[in-house]
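Student: Here is what each chain is made of, one letter per residue.
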Amino acid sequence: MAAQGWSFRMTPIRKLLILLATICVGVCIFRLATGLGLVTNLNDEWPWGLWIGFDVLTGVALAGGGYFTAIVVHVLHRHQYHIIARSAMLTSLLGYLLVMAGLFLDIGQWFNFWRPFVSWGHTSVLFEVFWCVSCYTTVQVLEFGEIFTERVGKKWHTIFKNAMPVLMIVGIIFPTLHQSSLGGLYLIAVDKLYPLWWSTLIPYFFLISSFFVGPAMICVESTLAGNAYKHKVPVEVLRGLAKIGGWFMVLYLALKLFDLSNRNVWDLVFAGNLESTMFLIELLFGVIIPILIVFSGMSKSRSGLFIYGLLVSGGVILNRMNVVFTGMSGKTGGSYFPSIWEWSVSIGLVAIGVLVYCFVVENFRILEHEEHHA
Amino acid sequence: MAKGVLVDLTKCIGCGSCTVACKLWNDKKFSVEEPTVGPAAIAKLTANNWTVVQHNEIKKDNETVWRFAKKQCLHCQDPACASACFAKALQKTKEGPVIYYPHLCVGCRYCMIACPFNVPKYEWDKAFPLVSKCQMCSTKVDKGEAPACVSVCPAGVFQFGEREKLLQEAKSIIAKDINYVKDIYGEQQAGGTSWLYISDVPFEQLGFRTDLGTVPLSTYSHNFLKYTPVVAVSWGIILTGLYHYTKRRNTISEENKNVKL
Numbered sequence: 029m030a031a032q033g034w035s036f037r038m039t040p041i042r043k044l045l046i047l048l049a050t051i052c053v054g055v056c057i058f059r060l061a062t063g064l065g066l067v068t069n070l071n072d073e074w075p076w077g078l079w080i081g082f083d084v085l086t087g088v089a090l091a092g093g094g095y096f097t098a099i100v101v102h103v104l105h106r107h108q109y110h111i112i113a114r115s116a117m118l119t120s121l122l123g124y125l126l127v128m129a130g131l132f133l134d135i136g137q138w139f140n141f142w143r144p145f146v147s148w149g150h151t152s153v154l155f156e157v158f159w160c161v162s163c164y165t166t167v168q169v170l171e172f173g174e175i176f177t178e179r180v181g182k183k184w185h186t187i188f189k190n191a192m193p194v195l196m197i198v199g200i201i202f203p204t205l206h207q208s209s210l211g212g213l214y215l216i217a218v219d220k221l222y223p224l225w226w227s228t229l230i231p232y233f234f235l236i237s238s239f240f241v242g243p244a245m246i247c248v249e250s251t252l253a254g255n256a257y258k259h260k261v262p263v264e265v266l267r268g269l270a271k272i273g274g275w276f277m278v279l280y281l282a283l284k285l286f287d288l289s290n291r292n293v294w295d296l297v298f299a300g301n302l303e304s305t306m307f308l309i310e311l312l313f314g315v316i317i318p319i320l321i322v323f324s325g326m327s328k329s330r331s332g333l334f335i336y337g338l339l340v341s342g343g344v345i346l347n348r349m350n351v352v353f354t355g356m357s358g359k360t361g362g363s364y365f366p367s368i369w370e371w372s373v374s375i376g377l378v379a380i381g382v383l384v385y386c387f388v389v390e391n392f393r394i395l396e397h398e399e400h401h402a
Numbered sequence: 150m151a152k153g154v155l156v157d158l159t160k161c162i163g164c165g166s167c168t169v170a171c172k173l174w175n176d177k178k179f180s181v182e183e184p185t186v187g188p189a190a191i192a193k194l195t196a197n198n199w200t201v202v203q204h205n206e207i208k209k210d211n212e213t214v215w216r217f218a219k220k221q222c223l224h225c226q227d228p229a230c231a232s233a234c235f236a237k238a239l240q241k242t243k244e245g246p247v248i249y250y251p252h253l254c255v256g257c258r259y260c261m262i263a264c265p266f267n268v269p270k271y272e273w274d275k276a277f278p279l280v281s282k283c284q285m286c287s288t289k290v291d292k293g294e295a296p297a298c299v300s301v302c303p304a305g306v307f308q309f310g311e312r313e314k315l316l317q318e319a320k321s322i323i324a325k326d327i328n329y330v331k332d333i334y335g336e337q338q339a340g341g342t343s344w345l346y347i348s349d350v351p352f353e354q355l356g357f358r359t360d361l362g363t364v365p366l367s368t369y370s371h372n373f374l375k376y377t378p379v380v381a382v383s384w385g386i387i388l389t390g391l392y393h394y395t396k397r398r399n400t401i402s403e404e405n406k407n408v409k410l
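Chains as they are written, first to last, in the numbering used here: chain Y, 29 to 402; chain R, 150 to 410.
One should not assume that every hint holds.
To be verified - Restricting the straight-line Cα-Cα distance to at most 27 Å, the calculated cross-link-like pairs of lysine-lysine (BS3-like) are:
#  : chain 1 : residue 1 : chain 2 : residue 2
1  : Y       : Lys220    : R       : Lys160
2  : R       : Lys320    : R       : Lys243
3  : R       : Lys396    : Y       : Lys271
4  : Y       : Lys359    : R       : Lys208
5  : Y       : Lys359    : R       : Lys241
6  : R       : Lys177    : R       : Lys237
7  : Y       : Lys284    : R       : Lys375
8  : Y       : Lys220    : R       : Lys396
9  : R       : Lys160    : R       : Lys396
10 : R       : Lys375    : Y       : Lys220
11 : Y       : Lys220    : Y       : Lys328
12 : R       : Lys331    : Y       : Lys189
Said to hold, decoys possible - Which chain Y residues face chain R? A few, computed with CB under 10 Å, are given here:
#  : residue
13 : Gly63
14 : Leu66
15 : Leu70
16 : Phe139
17 : Asn140
18 : Val157
19 : Ala191
20 : Lys220
21 : Phe233
22 : Leu279
23 : Leu283
Don't read these hints as lab results, they were simulated from the structure. C-beta: ideal position from N, C-alpha, C; glycine also.
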């Protein structure tokens, strides 16, 4: 393989993605030079917008497939799922790199981003998020080192391979902590976030949903990559993963129902206002219907699993958006809708992610690898 | 002892002298677009307005009356903003003020999410924007002097002193005079604030949030974060155990298969 040169196929879709990525980079440079006022529609009522809501909160959740896979394949040694391990963990790594980019763009004093490493605001939930996301991204880069050194710097390969078990376990602890603390960020917004979402259990809802969105994203990703690269992951593999996710969705649903009763807010669920409607959509289409699909015959087909994947991923996106926007709108005056530049950055970052994914898949052993390492 | 300010809203005539003194002392620009005095919809706290005086037309005893409410950072006893800052750019001093240290700020704006009173504002029009809020003239307070806004009031609205003494003073005022609402705003809200308000009309009619709890908001974060070390260590032990257990189990089942063959 090393004898071959680096390859990157050009297609019309990729040209479009490159265009979107270029626009994104341009807007990013402009934003870093001019501040947030010209580029974004953020204001004193809405200090957090699309970049935090989608690029960061949603991005981290959707990248949950990485630690899901690490647990199932590398810690529990379910080797039948090994076939999706590398692609899921690659998606996760790229997701986190994009999250870091989104965060970097969103902070006003971007040259000061390193400050919390030395000035420890340890009473802040964001402090835990910051440290864990930074460390986990580093761990994921090191994990990718095992794949990278198969082709470049081969003499280092054994070192990376031997370090993998430790990296895997550390690389599960960090996301467990920060996936929950991303929800924990909103604990302090007790007087702002609508009671359908605010709960002392919100860290656990964020954690569980980031875990069960893992197999859903794998179903979506392997369908798309399967079509593009003629590499079909067996349905039984995907279904097995989806069922693991399904059990965690049942746990999530049970905890939700318990929490609503415990806090006595069932009247808000059926209040018929914007919040209740969004909450019901999120729960029905993002959790209940996917559970029915997973545990019925519908998940025996690729299309069924693809729909399941889309619904669950969409449900988690909607949940994060509801926390950041719908749930905060009631106590917040003023209005916010992302500017065209905010959209172009968010879309462009995804485009960059897709392009890098394609490049890595075409140049490293991601989709096809049989070797089972410890 | 921590300083505080007692604001007797019944005495405020809405002149806005305090807002002028604030701008002069803190070198904040005046702008026609950002008035510091007027109805709540117009006179708003911004990065340039650390304090405003809001005019309220209120129905009281079947007649319409004017009441004026000075707003600024309340300098919480246990500030949510400071607990939420992951770089310690906001800190509560033992003298009372909650101070911002710009060189530590990353610009994440989590303090704005955290503050239940929506006090911290942001410099949206700057290339390298910072958070902006009332510092309670901490350099003056350190010397035992009252904040600029307090020192210029022509109507005797404010008393500056030890918070605990002011609280006793406020309690005795509202106990003696039946015109006052039997409530001191800032005594307990979100764990209590350095600034205390008394009024003869309900606080919610003056744009104060009265639906806040009495627990400091940092408690919610702390009750979550305190488990972090335990979770990290025990999760690591469990994962390591599972790793070796499942690996060994797979090896044994492989060996058994080979034996049968």
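Student: Holds or violated: are the alpha carbons of Lys177(R) and Lys237(R) at most 27 Å from each other?
Tutor: holds (24 Å)
Student: Could you check if Leu66(Y) really has its C-beta closer than 10 Å to a C-beta on chain R?
Tutor: Given a least distance of 8 Å, the restraint on Leu66(Y) holds.
Student: For the pair supplied as a hint, Lys220(Y) and Lys160(R), confirm whether the alpha-carbon distance does not exceed 27 Å.
Tutor: violated (32 Å)
Student: Would you check the hint for Lys331(R) and Lys189(Y), treating anything up to 27 Å between C-alpha atoms as holding?
Tutor: Not OK: Lys331(R) and Lys189(Y) at ~70 Å, beyond 27 Å, violated.
Student: Using Cβ atoms only, decide whether Asn140(Y) comes closer than 10 Å to chain R, and label the hint accordingly.
Tutor: holds (5 Å)
Student: With a cut-off of 27 Å on the C-alpha distance, tell me whether Lys220(Y) and Lys328(Y) pass.
Tutor: Violated - the C-alpha atoms of Lys328(Y) and Lys220(Y) are around 43 Å apart, more than 27 Å.
Student: Does Lys396(R) sit within 27 Å of Lys220(Y), going by the straight-line distance between their CA atoms?
Tutor: violated (48 Å)
Student: Within a Cα-Cα threshold of 27 Å, do Lys320(R) and Lys243(R) meet the stated pairing?
Tutor: Between Lys320(R) and Lys243(R) the Cα gap is close to 24 Å, so the pair holds against 27 Å.
Student: Restraint: Leu279(Y) near chain R, CB-CB cut 10 Å. Satisfied or not?
Tutor: violated (17 Å)
Student: Regarding the hint that Leu283(Y) lies at the interface with chain R, is the smallest CB-CB distance below 10 Å?
Tutor: violated (16 Å)
Student: Would you settle whether the hint for Leu70(Y) is holds or violated, based on the nearest Cβ-Cβ distance to chain R being less than 10 Å?
Tutor: This interface hint holds because 7 Å falls under the 10 Å limit.
Student: Are Lys359(Y) and Lys241(R) close enough, with their CA atoms no more than 27 Å apart?
Tutor: holds (26 Å)
In summary, the numbered hints that this structure violates are 1, 8, 9, 11, 12, 19, 21, 22, 23.
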